[in-house]
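Asker: Listed below, chain by chain, are the residues.
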Amino acid sequence: MTTTESVPAPASARAATSRPLLAVDGLGVEFRLRDARVRAVTDLHLTVRAGELLAVVGESGCGKSVLAHALLGLLPGNATTTGHAVLHESDGEPVDLITCGQRQLARRVRGRLVGLVPQSPATALNPVRTGRRLLAETLRAHGRDRADADQLAVDVGLDPADLDRYPHELSGGMAQRLVTALALAPDPALLIADEPTTGLDRPLVDHTLDLLRRRCDNGAAVVLITHDLAAARRVADTVAVMYASRVVEHRDTDELFTAPTHPYASALLDALPDRAFRPVPGDPPMLTALPPGCAFAPRCPHRTDTCAHPPEPTPVAGGGTVACHHPIRTGANP
Amino acid sequence: MADLATRPPLLHVARSRLRLRPGQTGVVIAGLVLLTTVAGSLLAPLVWPLDQSAVALDQTRLAPSWTHLAGTDDLGRDVAHRAVYGLRVSLLVGAVAALVATVLGGVVGGIAGTLGGRVDRILMRIVDTIAAMPHLLLGIFIVAMLRPSLGAVIASVGLTHWLSTARIVRSEVLSLRNRPFIDAAISGGAGRLRVLTRHLLPHVLPRLALATTLMIPHAVWHETALSFLGLGLPPHLASLGNMINDGQGSLLTGAWWASLAPGAVIVVVTFAIAVLAARWRDRFDPRVRAELHL
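Top line first, the protein sequences correspond to chains A and B. Each residue of the first sequence is one higher than the one before, starting from 1 at the first, in the numbering used here. Each residue of the second sequence is one higher than the one before, starting from 1 at the first, in the numbering used here.
The hints are simulated quantities; they were obtained by calculation from the structure and are not laboratory data. There could be a bad hint or two in this list.
[Stated by the list, open to error] Here are some of the chain A residues that sit facing chain B, going by a computed Cβ distance under 10 Å: (1) Val95; (2) Leu116; (3) Ile192.
[As the list claims (entries may be wrong)] Derived, one-sided and incomplete: chain B residues facing chain A with beta-carbon distance under 8 Å: (4) Ala56; (5) Asp58; (6) Phe141; (7) Arg179; (8) Pro180; (9) Ala185; (10) His199; (11) Arg207; (12) Thr213; (13) Pro217.
Note that the coordinates shown come from a computational prediction; the quantities given were computed from them, not determined experimentally. Beta carbons: idealized from backbone N, C-alpha and C, even for Gly.
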């Protein structure tokens with residue numbers, strides 16, 4: 001296991017300050033099933049600074065959403081967590097989101113410090129209450145005026161009149177914007193947005209991304225979990241590529257998109273329509289039966305015998321980390 | 001005349017309001033029965049006052065006639081008159097006891113479902129244990145510990161009938177607890193109490209209200225049984241159970257009417273409530289179309 005201190009984070013040009021807001025150190029999440037163990041997150045290191053927008057990208061089932069739920073203590077009872085995720089509040093002592101317990105999470109963290117835009121918004125809304133009542137409750141619970149509901153709706157691109165509808169009367173995109181408004185209501189220091197652009201058309205995707213970008217420019221931090229690489233490139237300061245429960249590459253957005261060093265990151269970018277439009281060869285591994293070494297090795301064109309050992313995240317020239325024994329070196333960079 | 005012809009008949013209006021199918025006239029009848037009995041028993045002290053302890057020993061065991069619609073009992077008391085007051089007691093006990101049972105069951109089931117784990121196991125085993133004993137026996141035990149009074153009867157009914165409600169609420173809460181919107185509420189910073197009262201309870205309420213209504217007939221019968229056994233209200237106070245009990249002696253002398261009126265009232269009224277509750281359940285949950293069709 002490595003420690004966060006030894007791993008330099010990407011030196012983002014766009015990050016407003018360098019104060020680390022969240023430091024995830026060796027986070028692991030494992031689910032016990034009746035006949036198997038699923039490692040959804042393995043030895044994960046990440047830092048998010050105030051004013052930084054971190055995009056977490058990766059295929060479905062690579063552990064992105066589990067990471068979000070672990071940070072909010074929302075994992076089901078059969079999950080065991082290891083490691084730390086320390087949140088440094090601007091005024092107050094640091095909280096370890098993994099070990100502080102449900103009571104602390106409920107009192108201090110959730111909503112106020114860490115907000116979540118949940119995946120699948122249609123099911124995340126209480127079906128017997130209107131959007132306005134949900135928003136008003138959240139606003140009041142966090143000491144804000146319930147009249148701010150209209151402004152929040154406008155912020156996320158929702159017609160305030162639609163707040164008086166029940167969730168089943170909303171379209172998928174409207175529900176998505178409503179859950180975004182709900183997560184923004186307590187004005188959290190760190191916002192985790194899990195696929196916040198699902199079901200939105202292009203202008204609304206851009207609207208939502210700009211909204212998240214503005215939050216970061218105002219000093220808050222955002223973790224954007226997404227499949228949309230173009231969206232990540234547009235707004236993110238840094239990008240973490242997850243593959244089979246691990247972060248395989250975490251670098252500045254521009255550097256990752258111009259010169260990916262991990263073979264998986266490279267293959268993922270090649271799958272983009274405006275690039276090679278070539279899918280990543282092979283199938284992603286089952287999280288119940290991960291190979292002992294590098295999980296990408298079976299699909300990797302550069303694999304050698306050393307790949308049977310798990311690669312540690314190592315610094316890359318220009319900042320950031322990559323977890324690979326044979327990183328791709330481009331151009332003059334050694 | 002044209003106006004009258006175009007105006008739909010009253011029954012049709014009632015049918016369309018209640019969204020009844022033509023075969024469900026029974027619901028309308030049940031509704032009317034319930035409306036008259038409830039209104040009648042509420043207004044009785046104003047329009048037809050009764051001296052509970054008055055007797056007329058010169059008019060004992062008179063057969064039903066125009067002056068005594070349901071005859072008189074062995075103490076010369078008008079059976080119809082007392083049945084109205086007996087119904088007041090039954091409905092009061094039924095409604096209050098059903099409410100007590102619902103609140104108790106709701107709280108226990110809600111706690112068991114929300115907290116889960118050991119608390120859930122302990123609470124539900126207590127429920128199983130109580131449910132293993134006969135209701136009536138337990139009810140008798142509770143009344144026997146207290147002094148015979150309206151409160152004791154209500155306590156007896158309420159404390160024995162909350163078990164099914166607790167199970168219903170617990171199972172509802174268990175299935176709701178895993179829905180994503182509960183996680184979403186928690187991730188927004190909602191504490192346990194807020195999740196329970198604001199997000200779980202509104203979903204359980206309709207079912208809870210239905211359970212309460214379905215429980216009223218049970219509660220009424222329980223009260224009647226207790227009074228019949230002489231464990232309910234003091235004997236001079238009219239209650240349907242008391243009256244059926246009193247009528248037993250008259251039955252042997254051929255005065256069948258003394259028990260008939262209270263018996264008929266309890267059957268008709270509880271049946272009416274059950275019919276309406278079943279109809280409500282049908283509309284609330286179309287999957288379990290009631291077996292009760294009239």
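Asker: Tell me if Arg207/B is really an interface residue toward chain A, meaning its C-beta lies closer than 8 Å to one of theirs.
Answerer: violated, 12 Å
Asker: Do the numbers back the hint for Ile192/A, that is, is its least Cβ distance to chain B under 10 Å?
Answerer: Status holds, d = 9 Å.
Asker: Under the criterion of a CB-CB separation shorter than 8 Å, is Pro217/B in contact with chain A as hinted?
Answerer: violated, 29 Å
Asker: Report holds or violated for the interface hint on Arg179/B, using the least CB-CB distance to chain A and a cut-off of 8 Å.
Answerer: Result: holds, 7 Å to nearest chain A Cβ.
Asker: If you take the shortest Cβ to Cβ gap from Val95/A to chain B, is it below 10 Å?
Answerer: Constraint on Val95/A not satisfied, violated at 14 Å.
Asker: Next item in the hint list is Thr213/B. Is there a CB on chain A closer than 8 Å to its CB?
Answerer: violated, 20 Å
Asker: Can Phe141/B be said to touch chain A, with a Cβ gap under 8 Å?
Answerer: violated, 39 Å
Asker: Grab the minimum C-beta distance from Ala185/B to chain A and call the hint holds if it beats 8 Å, violated otherwise.
Answerer: holds, 7 Å
Asker: Using 8 Å as the Cβ threshold, decide whether Pro180/B counts as touching chain A.
Answerer: At about 4 Å, which falls below the 8 Å cut-off, the nearest Cβ of chain A leaves the hint on Pro180/B intact, so it holds.
Asker: Can the hint on His199/B be confirmed by a CB-to-CB distance to chain A that is less than 8 Å?
Answerer: holds, 5 Å
Asker: Identify whether the interface hint at Asp58/B stands, where standing means a beta carbon of chain A within less than 8 Å of its own.
Answerer: Where the cut-off is 8 Å and the nearest Cβ of chain A is about 63 Å from Asp58/B, the hint is violated.
Asker: Checking hints one by one. Is Leu116/A an interface residue toward chain B, by the C-beta closer than 10 Å rule?
Answerer: holds, 4 Å
Violated hints, listed in ascending order, are 1, 4, 5, 6, 11, 12 and 13; each of the other numbered hints is respected by the structure.
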